[in-house]
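> The primary structure of each chain is shown beneath.
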Amino acid sequence: MSASAPSSPDALYAQDRTDQNDPAIRAAQEERLRAVWKPPSGLFLRWTDVNNNRVGVWYTLTAFGFMLFAGILALIMRAQLAVPDNDLVSANTFNQLFTLHGSTMMFLFAVPMFEAVSIILLPQLLGARDLPFPRLSAFGYWSFLIGGVFVTGSIFFDAAPDGGWFMYPPLTTRTDLSGLGADIWMLGLSFIEVSSVAAAVELIVGVLKCRPPGMRLNLMPLYAWYILVVAVMILFAFPPLIAGDVLFEMERLLGWPFFDAAKGGDPLLWQHLFWIFGHPEVYIVFLPSIALFAMLIPTFAQRHLLGYPWIVLAAVGTAFLSFGLWVHHMFATGLPKISLAFFSAASEAVAIPTGVQIFAFIATLWAGKVKWATPLLYAVGSLAIFTIGGLTGVMVAVAPFDWQAHDTYFIVAHLHYVLIGGTLLPLFGGLYYYWPLVTGKKLSDRIGRSAFWVMFVGANLAFFPMHLSGLEGMPRRVFTYPAELGIGGLNLASTLGAFLFAAGVLMICIDLCLSPTRPKAARNPWHAGTLEWLAMPEDEDWGVRSVPLIESRYPIWDQPGFVQKVDEGRYFLPDAEEMRRETIITSVIDARPIQVARLGTPSVIPMITAVALGSVFILTTYHLYWWALAGAIATLACVLTWLWTGTAEIPEKPEKPIGHGITVPLYLSGPSASGWWAMFITMMADATAFSGLVFGYYFFWTIHPDFPPADMPDPGVFWPMAALGLTVIGWAATVAAREIHARGQVSAARALLVLAIAVTLASLAAGLAGPWAAGMQPKTHVYPAIVWTLAIWTSAHAGIGAICQSYTLARSLGGKMTPAYDADVRNISVYMHFLLFTAIVTYLTIGLFPLASGGAAA
Amino acid sequence: MSKRLKHRIRRLDVSLWTLIVPPTVWAVHFLFSYLWAALNCAKVGEFAKFPTLFAVGTVLALLVIAAAGVIAWIQSRMPGDDPPHESGTDVDRLRFIATSTLLLAGLSFVAVIFTATPVLFLTDCR
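Taken in order, these protein sequences are the chains called A and B.
Quick note on this note's numbering: the first sequence kicks off at 1 and runs consecutively.
Quick note on this note's numbering: the second sequence kicks off at 859 and runs consecutively.
Looking at chain A on its own, in the form it has when it is part of the complex (with noise of 0.2 Å):
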């Protein structure tokens, strides 16, 4: 690979810097990162650390362990169904088991080991210091720790969920028929899916404007690539789950009836939106595990991935498609064949690029000098099993092949197949590959090998039963089935195969525990070529000594004198003169310097904040709605303390120079700056969870022949027009205030601001008012439920515009903000662009579609 064409202007940065030549200057240097980045100790404190390897550990260690305990609910179920007419285990708790199982897997094991590793990784993939915000690291942390022992720990007093994992109405609506358990799996949940949120916010920002210079969207690595595609799908993917769980709390907890057939409602609307998040799903833990094979596969090919754009193609083409498959897991609910046949074919044709990048990793191999190392032999095991599993879901992607198959066990041998296939060994195999990464000690090949073994038997002496019992009529989720069904056998062996699985999962920990006796193994043990594999064996909590200058896909090889480079601080920024925690941000396409960014430094804020807000949702969960709603105030209390004290910091100078010559800014505001687009990706994840509630009215429309009801009030016209206007105005004033803020009017600048306050908190009650007025009945019909739910959630987004603005105009008047620093009111500005979009939604839908249908219905 040549070294950047002389045509780049990126030549300039590269010329050495003799300035660093004097060893004296790099001890010192080093002593001040080392000061700056050291983490907190004591018994407590060392908890409220930020920095990325310390929390990605944490993070990722509580994922294994959320993971091995679900893995215990498997074998007790395996036990259970052993033998046929067993009594080991109650169908009561049979059902928490599974339930529980499944939604372990999914929730607090594969997206949140996917945030882990992200988390420990991303940085050091690109050369950065940290993440953007690693407050918010911690924060998604702590509210997955939270979240998930509440849920799992629930199984404990017999009160775990127990409808499924993905929890279908009017089984687990009605309060009935399902006890707390389907409230602590909704809020729960929730609870975590907000951290999900959160990881992704990060992770998009990271991987947009992180990266080291030079190193442009060609030639970022392919991890990256997947992060960025897995990480936007989860906002996409993740709040019509939001959403959904909005409308199943408010039947459950008030009585609105959504999911009630009788009453107007919908079950199949939960389906939808449950599948919307949920298909993707599959994806959003597959792809970060093949991004794990991109990185290790060219480590062992030794040379570079082929197909490179190829990879890109498969990545995006499989994001997008993964959104037309939903309602295949809704084949057997009676929609025309019509739909069904639309989502039979996308999934057909997701089959091509996930096909793409498999041929990809082969090529690679192929054209490569194969070395045999343990991880890729989890890699190449792990691709059969997976490709196993994808075959099958060629299979019941046929409509017809699925009303025989659905909800057999012939669907539980196809997910178990693709998720261990394309999911858990990767994982495994990726464990074996970055262990040296975080520990600087590499695992046992030996015991690697054995337990590979192990598991590959183990997971298709399982699973690859399972087909033919589902073929021959076992149902899912039974807790045993009688001897005359003649499945005795098969389920037997499926049995011990989950046993010898986990003998092979017991190896791997065991190896795990043996690490701290073993020596520390060399630098870059593999000989890999990216970025990460700079780490020392002796972690140095800074995490990249220079933040070096990229011109290759595969820096350590190809750039000659790389690696010394950068350790000699020869590259960019390797000082912390003022003592701070800092990164260079970078532009998105070509990855250009444009700022360096002072990082959050360790503080309790954000675990109290996870407490504050878990308090909500557990609350919740009890019906003490009191005290919830106290904890909702404590949660407001602690995100205004942790935004005032720890963001958009006005710095003692405008810019620093980063070595060679070149000198950025400490500030940016408006779209180049990463709180920006944290603003903007979050209110994308908001805008998506609103939709969900909007499909829900015209869900409803298209299901009733007269919607809304003729014999019921509407909100009428007067008020939601009102409350859009309000809103409108809110809006313009506070667009209006930024831009006058920006020529220096200041007290303009605050008078609009205190205007748009007032407007804002006025529409709030117009909002509300059309339902009120017409005195809507939200318990009687889904009609009036829908409508308050679409007024509510608006004006509850103006309450929060409220409380923004309320928030830039005391960053003025406190000094915060000034026309040169004005990150605050552009931010804000972005959240208006947003509440202004839901309003015109929300208001034409409620107050004009009335007069719309009532037309077409008589």
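No lab work stands behind these hints: they were computed from the structure.
One thing to keep in mind: the hints can contain errors.
Derived list of chain B stretches under chain A, where covered just means 3 residues or more per stretch with a C-beta under 8 Å from a C-beta of chain A [claimed, not checked]:
id, stretch
1, 872 to 884
2, 897 to 911
3, 917 to 926
4, 945 to 951
Cβ coordinates follow ideal geometry from the N, Cα and C atoms, glycine included.
Based on the hints, put chain B in the right spot on chain A.
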């Protein structure tokens, strides 16, 4: 194709947004198909024997995807340095995004055809 047109196409901006144009068109077409079928079946009870609206939507989607593909194809052959086009240069970055867009256009084109095919075979709302 005229030289001037080619030249102008090569100067078009590319970004992550242009990269996702073809699959976005697929997504819009998919949503359109789903809504078209669901609304017809729920509100009318059937869909037209010769579904003009659906055909127009599908052809439109295919045209947009094809146009994105042609632009990407021309951009991906931008003259510049030697293969394998993996360096950190402007032209290699352009070629990369263009090639990926071209591949996505291919996939999206096929996927739109996949989605449209059932309408040829299914004629009612059962």
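> Take the hints in turn and mark each one as holding or not.
Against the structure, the hints come out as follows:
1. 872 to 884: holds (count 7)
2. 897 to 911: Check passed, 5 qualifying residues.
3. 917 to 926: With 0 residues closer than 8 Å to chain A, the stretch 917 to 926 of chain B misses the three-residue bar; violated.
4. 945 to 951: Our answer is that it holds, as 6 residues pass the Cβ test (under 8 Å) against chain A, meeting three.
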